[in-house]
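A.B. asks: From first to last, the protein sequence lines are chains R and Y. Be aware that the first sequence starts at 1, since it is given in full-length UniProt numbering, and climbs by one per residue. Be aware that the second sequence starts at 1, since it is given in full-length UniProt numbering, and climbs by one per residue.
Among the hints, erroneous ones may be present.
Stated by the list, open to error - Calculated pairs, EDC-like style, for lysine to aspartate or glutamate (alpha carbon to alpha carbon, straight line, at most 16 Å):
(1) R:Lys204 - Y:Asp13
(2) R:Lys200 - Y:Glu230
(3) R:Lys203 - Y:Glu240
(4) R:Lys204 - Y:Glu230
(5) R:Lys204 - Y:Asp58
If you're looking for bench data, these hints aren't it; they were derived computationally from the structure. Remember, it's a predicted structure, so these values are computed and weren't measured experimentally.
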Amino acid sequence: MEKVLLKGNEIIGEAAIRSGCKLFFGYPITPSTEVVEYLSKHLPKQGGTVLQAEDEIGAINMCYGAACTGSRVMTASSSPGVSLKQEGISYSAAVGLPMVIVNVNRCGPGLGGLGPAQSDYFQSTRGGGHGDYRTIVLAPSKAQELYDYTMLAFDLADKYRNPVLLLTDGFLGQTMEPIVLKERPEAPVVDRDWIVDGCKGRKKRVLASYSLTNEIGEANNLKWEAKYKDIQEKEQHWEEFHTEDAEYLLVSYGTTGRICKSTVLNARAKGIKLGLIRPITLWPFPVKAFAPHMDKVKGIVTVELNTGQMIEDVKLTVECKMPVYLYRRQGGMLPTENEILDFVENKFSLSGSEEV
Amino acid sequence: MKKVFTKTKGLTDVPFSFCPGCTHGIIMRLIAETMEELNIIEDTIGISPVGCAGFSQDFFSCDFVGAAHGRAQAVGIGVKRALPDRVVFTYQGDGDIAAIGTQHAIHSAARGEKITSIMVNNAIFGMTGGQMAPTTLEGMKTKTSPYGRDIESTGFPIDLPKVIANLPGAVYVASVSVDSPKNIAQAKKAIKRAFQVQLAGLGFAFVSVLSTCPTNWGISPVDSLKWLRENMMPIYEMGELKVTEEVKSL
Numbered sequence: 001m002e003k004v005l006l007k008g009n010e011i012i013g014e015a016a017i018r019s020g021c022k023l024f025f026g027y028p029i030t031p032s033t034e035v036v037e038y039l040s041k042h043l044p045k046q047g048g049t050v051l052q053a054e055d056e057i058g059a060i061n062m063c064y065g066a067a068c069t070g071s072r073v074m075t076a077s078s079s080p081g082v083s084l085k086q087e088g089i090s091y092s093a094a095v096g097l098p099m100v101i102v103n104v105n106r107c108g109p110g111l112g113g114l115g116p117a118q119s120d121y122f123q124s125t126r127g128g129g130h131g132d133y134r135t136i137v138l139a140p141s142k143a144q145e146l147y148d149y150t151m152l153a154f155d156l157a158d159k160y161r162n163p164v165l166l167l168t169d170g171f172l173g174q175t176m177e178p179i180v181l182k183e184r185p186e187a188p189v190v191d192r193d194w195i196v197d198g199c200k201g202r203k204k205r206v207l208a209s210y211s212l213t214n215e216i217g218e219a220n221n222l223k224w225e226a227k228y229k230d231i232q233e234k235e236q237h238w239e240e241f242h243t244e245d246a247e248y249l250l251v252s253y254g255t256t257g258r259i260c261k262s263t264v265l266n267a268r269a270k271g272i273k274l275g276l277i278r279p280i281t282l283w284p285f286p287v288k289a290f291a292p293h294m295d296k297v298k299g300i301v302t303v304e305l306n307t308g309q310m311i312e313d314v315k316l317t318v319e320c321k322m323p324v325y326l327y328r329r330q331g332g333m334l335p336t337e338n339e340i341l342d343f344v345e346n347k348f349s350l351s352g353s354e355e356v
Numbered sequence: 001m002k003k004v005f006t007k008t009k010g011l012t013d014v015p016f017s018f019c020p021g022c023t024h025g026i027i028m029r030l031i032a033e034t035m036e037e038l039n040i041i042e043d044t045i046g047i048s049p050v051g052c053a054g055f056s057q058d059f060f061s062c063d064f065v066g067a068a069h070g071r072a073q074a075v076g077i078g079v080k081r082a083l084p085d086r087v088v089f090t091y092q093g094d095g096d097i098a099a100i101g102t103q104h105a106i107h108s109a110a111r112g113e114k115i116t117s118i119m120v121n122n123a124i125f126g127m128t129g130g131q132m133a134p135t136t137l138e139g140m141k142t143k144t145s146p147y148g149r150d151i152e153s154t155g156f157p158i159d160l161p162k163v164i165a166n167l168p169g170a171v172y173v174a175s176v177s178v179d180s181p182k183n184i185a186q187a188k189k190a191i192k193r194a195f196q197v198q199l200a201g202l203g204f205a206f207v208s209v210l211s212t213c214p215t216n217w218g219i220s221p222v223d224s225l226k227w228l229r230e231n232m233m234p235i236y237e238m239g240e241l242k243v244t245e246e247v248k249s250l
């Protein structure tokens, strides 16, 4: 299998092409710009279409239109740009349109800075725009996962007829790492009997989310709710690292999820039974990951690049059965593995007592 | 007896739900007849906006996509770029295309997107109950300009076709009216040409149709037609504002 060295954002572009993405609508914004640059160079050579839109709103609504034809379509942006896309994401969720939206999270609020951040966790996992909807959210933590999860994102979008977010950050987007260009697994066979492509030989179709009848509105909401429950049941993904005998757990995703692995190894070297649950899907949140550990774990630390967002989901999951603390850096700063370990030792009074 | 008029196949049997005297129904009929005459009903995807024009998705017999307010052209471009051999048109009110969606109108024209956009201009936000639109005339009373549109604080009505005609990617731009049988016939010609431009792949085609809103104007249907003639037609430049040489030779 071919191994290549690419920037994180370029990996997303390459994976999109190999996933059969036919159209990309985007708008430049740091630190996501290499996605549109890479695709501008390479997607047209594969017969695809790249269009730099007038703005983020235009880009997401072009995705909406293209998705209505059943074509695989993607857009990419960073936090302020993704805010602008929220209207279109809401409409796409309401019509049930498969599409992939990449958010290379930069720190905020406002224009913010370019450093890695996880400040868009709430926006990503709570729908983001108006109305009660959910998008599947995938959180890669290294180059190979940027590649693999981009492919997974397209498949899940098709499978559930739902927008899928790939949530990365400026660190992942800008870092060059080698990846294996794995052959694409077979794309799931999905029905296309809902698309609009001209009503030749069939009844006309309308893809729209407008309804003035409350009874129809409620029926629609119940239909979407059932879909979201189905996704929650079937698509919780996570990675566990040294959790078998863990007395303390870190919970962290993306870039910090990766750093936390070093923290776990350093803790283990000191005799501290620390483990890591790394959510891969942020929505649905991997609730199932926690159940087997509830009896033996004494406490949890979430490690985040925000004021504490995922910690709410962790607390809801463990239902106050153990203390849950937050260790966070913000504004584009990253924690070191030992800063995290110091915090764990202090919070749980481990320092010295369990050293070997 | 000889049958002199048949309802076009371009429309469904869903009854129009517009207010008495509204000219949306005429404009939709002209588009539907055009699709039938050009034999493109089964090849066409229409994009409906938000506002009274949004009901178009139920009335036309072709496939339709409902867009967010102002986004019909962006959505239409997504459809057209995915399916270049299909016909895509947007049917939008003046509030939709000339206020909240202006950026898409400008850039559809700038890029020469191969879609057809029809703007229905009644100088008011109809669906929400008669508020000021970007096209509301000076001194015109609406719910949000209760003392008449004050140019000093709310600016001038925008003549979007004139703006669009300045952009090289727009190859056909017309401003028509449906206030009289003669003008309805001219409107039909313009609409048909705007679809032929797309079939020939020449570039962006844009037709603005002056329309009435008796309910929100607060006058009778007949007086509305007179009001349109006397007040709107002098302000909005009428006729074919731009016909490129390629379009002329169609």
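A.B. asks: For lysine 204 of chain R and aspartate 13 of chain Y, compute the direct alpha-carbon distance and say whether it is at most 16 Å.
C.D. replies: holds (13 Å)
A.B. asks: Take a quick look at whether lysine 203 of chain R and glutamate 240 of chain Y sit within 16 Å of each other, Cα to Cα.
C.D. replies: The hint is violated at about 36 Å.
A.B. asks: If you draw a straight line from the CA of lysine 204 of chain R to the CA of glutamate 230 of chain Y, is it 16 Å or shorter?
C.D. replies: violated (40 Å)
A.B. asks: Quickly compare the C-alpha distance for lysine 200 of chain R and glutamate 230 of chain Y to 16 Å and report which way the hint goes.
C.D. replies: Violated, at about 44 Å.
A.B. asks: Taking only the CA atoms, is the gap from lysine 204 of chain R to aspartate 58 of chain Y under or equal to 16 Å?
C.D. replies: holds (10 Å)
Checked against the numbered hints above, the structure breaks hints 2, 3 and 4 and satisfies the rest.
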